[in-house]
Amino acid sequence: EAGVAQSPRYKIIEKRQSVAFWCNPISGHATLYWYQQILGQGPKLLIQFQNNGVVDDSQLPKDRFSAERLKGVDSTLKIQPAKLEDSAVYLCASRIIAGGSEDTQYFGPGTRLTVL
Amino acid sequence: AQSVTQLGSHVSVSEGALVLLRCNYSSSVPPYLFWYVQYPNQGLQLLLKYTTGATLVKGINGFEAEFKKSETSFHLTKPSAHMSDAAEYFCAVTYNYGQNFVFGPGTRLSVLP
Chain A
1 EAGVAQSPRY KIIEKRQSVA FWCNPISGHA TLYWYQQILG QGPKLLIQFQ
51 NNGVVDDSQL PKDRFSAERL KGVDSTLKIQ PAKLEDSAVY LCASRIIAGG
101 SEDTQYFGPG TRLTVL
Chain B
1 AQSVTQLGSH VSVSEGALVL LRCNYSSSVP PYLFWYVQYP NQGLQLLLKY
51 TTGATLVKGI NGFEAEFKKS ETSFHLTKPS AHMSDAAEYF CAVTYNYGQN
101 FVFGPGTRLS VLP
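If you read the protein sequences in the order shown, they are chains A and B.
Numbering of the first sequence is given in this note's numbering, commencing with residue 1 and proceeding in unit increments.
Numbering of the second sequence is given in this note's numbering, commencing with residue 1 and proceeding in unit increments.
Among these hints, one or two may not hold up.
[Stated by the list, open to error] Restricting the straight-line Cα-Cα distance to at most 25 Å, the calculated cross-link-like pairs of lysine to any residue (SDA-like) are:
id, chain 1, residue 1, chain 2, residue 2
1, A, 62, B, 37
2, A, 11, B, 37
3, A, 44, B, 86
4, A, 44, B, 99
5, A, 11, A, 66
Calculated from the structure, these hints are not laboratory results.
Let's have the full structure, built from the sequences with the hints guiding it.
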């Protein structure tokens with residue numbers, strides 16, 4: 001079974017530029033999460049989707065961050081314009097709501113963003 | 001608001017020694033608790049989770065954790081450390097399963113030969 005795919009793996013941009021990250025969840029997983037992990041910290045939830053609807057975006061800085069999950073499969077996270085403090089690893093995770101041991105989040109490898 | 005603390009940002013043990021990584025959470029309601037491991041340049045992998053039932057939970061790679069409600073703790077242990085256990089470990093909590101996951105700051109485990 002393929003895991004959660006993310007691209008690009010690394011991105012370096014100048015401040016005030018725009019950037020977009022892409023996530024392809026595990027097939028059949030209805031729930032998708034985006035996390036921001038700043039160096040030395042634990043992941044912080046930015047947004048959670050259930051199919052193509054937003055469940056929780058309370059910690060998403062909506063003045064510069066946006067995310068969408070068209071058709072309830074792939075998702076894109078965008079930052080516009082980027083700030084220095086946005087330098088972090090952006091993790092995508094997906095989950096199948098099935099109960100039991102398989103009902104957990106599966107994480108992708110992340111995209112490491114450096115803002116100069 | 002729920003929160004997670006992990007005592008010790010860096011723990012070093014010798015190969016073959018006991019591993020103990022500490023996790024405490026703030027709670028006014030029963031939580032769901034998780035331990036994840038993160039290897040360099042990789043995403044997080046679930047080690048184990050507590051939802052309901054038995055308070056001693058066994059996970060992958062020989063790790064286990066015990067939920068102690070009276071101490072609001074969920075410490076991770078492994079009887080004998082292996083070099084391959086060197087990684088970052090994160091404790092996480094949620095009170096509404098599937099939503100509002102809150103992660104601790106992480107503990108980096110080093111295993112010395």
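Status of the hints after comparison with the structure:
1. A/62 with B/37: Violated, at roughly 30 Å.
2. A/11 with B/37: Given that 25 Å is the threshold and the Cα spacing comes to 24 Å, the pair holds.
3. A/44 with B/86: holds, 23 Å
4. A/44 with B/99: Given pair residue 44 of chain A, residue 99 of chain B holds - Cα atoms ~12 Å apart, limit 25 Å.
5. A/11 with A/66: It holds: about 18 Å lies between the C-alpha atoms, which stays within 25 Å.
Of the numbered hints given earlier, the model fails hint 1 alone.
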